[in-house]
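A.B. asks: Turn these sequences into a full structure, and let the hints guide you.
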Amino acid sequence: MTMMDNLENINPKLYKKVEDRQVTAAEEDEDIVDAFDAREVFDIIRNINDPEHPLTLEELNVVEQNLIEVNDAENIVNVKFTPTIPHCSMATLIGLSIRVQLLRALPPRFKVCVEITPGTHISETALNKQLADKERVAAALENSHLVEVINNCVCVSKY
Amino acid sequence: MLTMGSLELKQNLSGHRGRVWSICWHPKGTSLASCGEDKTIRIWQATNSNWITTMILTEGHTRTIREVAWSPCGSYIASASFDATTAIWDRRSGEFECNATLEGHENEVKSVSWSSSGHLLATCSRDKSVWIWEAKDDEYECASVINAHTQDVKKVRWHPNEDVLASASYDNTVKIYKEDMIDTDWTCIHTLTSHTSTVWSLSFDKTGERMVTVSDDKTVKIWQEYKSGNTIGISTANNDSVWKCVCTLSGYHTRTIYDVDWCKITGLIVTACGDDIIRIFKEESDSDIHEPTFSMICSMNNAHTQDVNSTQWNPAIAGQIASASDDGLVKIWFYNE
Numbered sequence: 178m179t180m181m182d183n184l185e186n187i188n189p190k191l192y193k194k195v196e197d198r199q200v201t202a203a204e205e206d207e208d209i210v211d212a213f214d215a216r217e218v219f220d221i222i223r224n225i226n227d228p229e230h231p232l233t234l235e236e237l238n239v240v241e242q243n244l245i246e247v248n249d250a251e252n253i254v255n256v257k258f259t260p261t262i263p264h265c266s267m268a269t270l271i272g273l274s275i276r277v278q279l280l281r282a283l284p285p286r287f288k289v290c291v292e293i294t295p296g297t298h299i300s301e302t303a304l305n306k307q308l309a310d311k312e313r314v315a316a317a318l319e320n321s322h323l324v325e326v327i328n329n330c331v332c333v334s335k336y
Numbered sequence: 116m117l118t119m120g121s122l123e124l125k126q127n128l129s130g131h132r133g134r135v136w137s138i139c140w141h142p143k144g145t146s147l148a149s150c151g152e153d154k155t156i157r158i159w160q161a162t163n164s165n166w167i168t169t170m171i172l173t174e175g176h177t178r179t180i181r182e183v184a185w186s187p188c189g190s191y192i193a194s195a196s197f198d199a200t201t202a203i204w205d206r207r208s209g210e211f212e213c214n215a216t217l218e219g220h221e222n223e224v225k226s227v228s229w230s231s232s233g234h235l236l237a238t239c240s241r242d243k244s245v246w247i248w249e250a251k252d253d254e255y256e257c258a259s260v261i262n263a264h265t266q267d268v269k270k271v272r273w274h275p276n277e278d279v280l281a282s283a284s285y286d287n288t289v290k291i292y293k294e295d296m297i298d299t300d301w302t303c304i305h306t307l308t309s310h311t312s313t314v315w316s317l318s319f320d321k322t323g324e325r326m327v328t329v330s331d332d333k334t335v336k337i338w339q340e341y342k343s344g345n346t347i348g349i350s351t352a353n354n355d356s357v358w359k360c361v362c363t364l365s366g367y368h369t370r371t372i373y374d375v376d377w378c379k380i381t382g383l384i385v386t387a388c389g390d391d392i393i394r395i396f397k398e399e400s401d402s403d404i405h406e407p408t409f410s411m412i413c414s415m416n417n418a419h420t421q422d423v424n425s426t427q428w429n430p431a432i433a434g435q436i437a438s439a440s441d442d443g444l445v446k447i448w449f450y451n452e
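Residue numbers (this note's numbering), protein chains in the order written: chain H, 178 to 336; chain X, 116 to 452.
Hints should not be assumed to be uniformly reliable.
[Said to hold, decoys possible] Partial list, computed: chain X residues near chain H (C-beta under 7 angstroms): (1) R178; (2) F197; (3) E223; (4) Q421.
[Said to hold, decoys possible] For lysine to aspartate or glutamate, the following DMTMM-like pairs were computed, each having C-alpha atoms within a straight-line distance of at most 25 angstroms: (5) H/K288 / X/D286; (6) H/K306 / X/D422; (7) H/K193 / H/D220.
What the hints contain is simulated information worked out from the structure, not anything from laboratory work. These figures come from a predicted structure and were not determined experimentally. Every residue gets a Cβ at the ideal spot worked out from N, C-alpha and C, and that includes glycine.
C.D. replies: What follows is the structure, encoded as structure tokens:
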């Protein structure tokens, strides 16, 4: 893959990172069951690297806390992500990276749905359908080259 | 009014590592085959009503095994894999051995099905094609490659009595194929359009004149075949049948429906859903064949702890069901009215 050769979005807009989460006393208490919330899910995916820029998905505003819905009791996690440009060819890879990261970090009871923020990509419907098809996602994740690319995105930033 | 029945869990069958994609009953209902992402096929048998693994088939595939299908005679198992091949296992030596591998698909094989005679085999793939294979004296020859779908083909199923094939696809349609008697090539004779997203699975009823399909659009649809010259005036072309959607069951499933099976003994329909629930539907007694009505008579919440991928009625024991899930388990159930 020659994705570093031609940057699609040469000069992406940068966004300010959110403050670190303040851990409350109740959260530190092992005896209190605290449910997953949007902030916790955001923390799992905010530091995923963009496939073509040395920046995180948070810095590029691809993921935002207010576009994450979590219902712990019903095992639902819905994440919307916003490609930096409407014809971004990396959108599937970014969506897969978010999926993989959540798959690995969240308990298996969660039903994870990763979709494009409505109106922000020209192939939104097709991409959403592909990301929601668990059989195609499973097949993609058996492709060792693709898994390597995804692992590079989801690993702790090397920059 | 229909009364609700209940689904009783008989046994959890554990052994697979990771997601179990599919299960298939032996035609006599005495054993069960299952497969999954661990690249193995497990054969389960009941001894003193306790189900145990009697065989593990390995090294047939290098990637996920998506589906297994027992031949009508019960002597062969076909397995469809993401490694782009379909393996045929037979027990001539006493143990199941992989003695034939069907190659040709460009990528993942998603489904495999034997015709009622056992002489034909169909496979389908993400490469959008459906292949028909002729089985003769343990040799398998490709009889046709059909490129009718525009997307990933998810499921192939043969008609229960005739050499008629149906396939379901990511392109939201179901297609019906028949052999052209003149040039002996297989062609798509009808396309069933109504679902608004991926059609994951389908099942014929015992007559083969009705079909049930399930989809990512969260609905179940019942289709009726209208043959050429039908008395109610549905027009047909080239003497081929047309299929009409005569009933849509919506509002029952909350997520993608991955599998469906129409029981040939009882006429009950069972569905496997991404909301972890197994549901059973029954046709109302005063149902009109052209406008049938079905009711949900059972909904087993948390049947599994993750998505239910596959479910099938035992072909010999009325009421017995097997199911398989992302949670790694196969389960045996009994439906009590």
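A.B. asks: Indicate, hint by hint, whether the structure satisfies it.
C.D. replies: A quick look at each hint next to the structure:
For X/R178, the interface hint holds, since its Cβ comes within 7 angstroms of a Cβ in chain H; the closest pair sits about 5 angstroms apart. Hint status for X/F197 relative to chain H: holds, with the closest Cβ pair at about 5 angstroms, below 7 angstroms. Taking 7 angstroms as the C-beta contact cut-off toward chain H, the hint placing X/E223 at the interface holds, the least distance being around 5 angstroms. Hint status for X/Q421: holds, given a least beta-carbon distance of 6 angstroms to chain H, under 7 angstroms.
For a cut-off of 25 angstroms, the pair hint linking H/K288 to X/D286 stands: about 24 angstroms separates their Cα positions. Straight-line distance between C-alpha atoms of H/K306 and X/D422 comes to about 18 angstroms, which keeps the hinted pair within the 25 angstroms bound. Between H/K193 and H/D220 the alpha-carbon distance is near 15 angstroms, which keeps this suggested pair within the 25 angstroms criterion.
Of the hints listed earlier, there is not a single one the structure fails to meet.
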